[in-house]
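Residue numbers (full-length UniProt numbering): 1 to 346.
Don't read these hints as lab results, they were simulated from the structure. Note that beta-carbon positions come from the ideal geometry of N, C-alpha and C, so glycine has one too. A portion of the hints provided could be inaccurate.
SDA-like, lysine to any residue: derived pairs with alpha carbons at most 20 Å apart [said to hold, decoys possible]:
1. 292 x 344
2. 292 x 318
3. 103 x 133
4. 292 x 321
5. 292 x 326
6. 325 x 278
Have a look at the derived ranges for each label pair, beta carbon to beta carbon [claimed, not checked]:
7. 274 x 306: 50 to 58 Å
8. 218 x 142: 41 to 49 Å
9. 273 x 295: 36 to 44 Å
10. 345 x 275: 29 to 37 Å
11. 213 x 345: 26 to 34 Å
12. 115 x 334: 21 to 29 Å
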Amino acid sequence: MGDGSVVPRLGNMKALLGIVAGAGASYGLYKLISGQVFKKNKKIPQSESPGVKSSQQGGVELRPGSLLAKVSGLDVVCARPDDAASGEIIHQSPNKLELHHLKMLLSRLQTSDDPSDRSQFLLTLGNAAAFTVNQNQIRELEGIPIIAGFLPDPAPEVRVQALNALNNLCMNIQNQEQIKLYVPQVLELIEMSAVNSDLQLGALRLLTNLSVTDKHQHLLKESVTLLLSLLVVSNEALQVQTLKVLVNLSSNPDMMDDIVQAQAPASVLLLFDERTSPAVLLRLLTFVGNLKAWRPSAQVADELRRKQDCLFRVMLDESSQMHVKLVQMLSHPDREIQVQVARTLT
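Can you make the complete structure from the sequences, with help from the hints?
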């Protein structure tokens, strides 16, 4: 997977940002991707019998002289009861899982040595978390810290499914009180993962849901520069998700001081172009509209002008090229974008 590649902490992002800058420069329930369950290739489990003894590894011990011992090349594997039960749970509809099913999934998740199994258990838990009753039960089973414990898992697909499960669990206000504790880890995943990876997308979706209300937005005040940097180097899907977070943050007046002081790439202005996706442009214009609604005092504005490369200088100051860019966007072929630009200019 593309998610497996890891870039150096912040350094690579800043280097890429420097290249781009130097060149001229909500929300609904996220349904986890459901897919075909991949099964391990193994023999059909044999029933437990007096002549077969299960080992801890799920294999068998053959008694000397037994029929099985005499059959050359016979590979017999006995399924453990928990394996069979968890396999049945995985195939059940998420809205039909009961408390004991969730408890077993969490238990098997913690004891599994197989990344594909861990990924599947997390996928099933995430799908179950699309329902309020399961969101509450997973919390009551102390499942949130268990799931979050797989954010640093060595397997990228496991980390992605952990993020997706937390994303659905985050739709519950009570769950957010626990999930907010993992914001630093989520931000680190964005920073350390390959650009345009599923890990970055999953992390941004989680931050989007967590920042819908202003209760936890302060946890992201140090991340504005990271988000703006990602905005200018990522693909459309990540740009849209990044802007969803930025729009959420900029809708809170208490966050504005931190936003306008954040370092911003001058190349962000290059996004105001007809070649930029309408889905990105509309959210970018909403973000700008929120910024322009902020009115600093003359003293504050003078202080911000002395901060090199801060967002205020790049997008809001009189010396910024933002106004020129917006006027040019009035001729955009998309009528909705024209209306949004006009609203932003007034």
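*Contradicted hints - numbers only*: 7, 8, 9, 10 and 12
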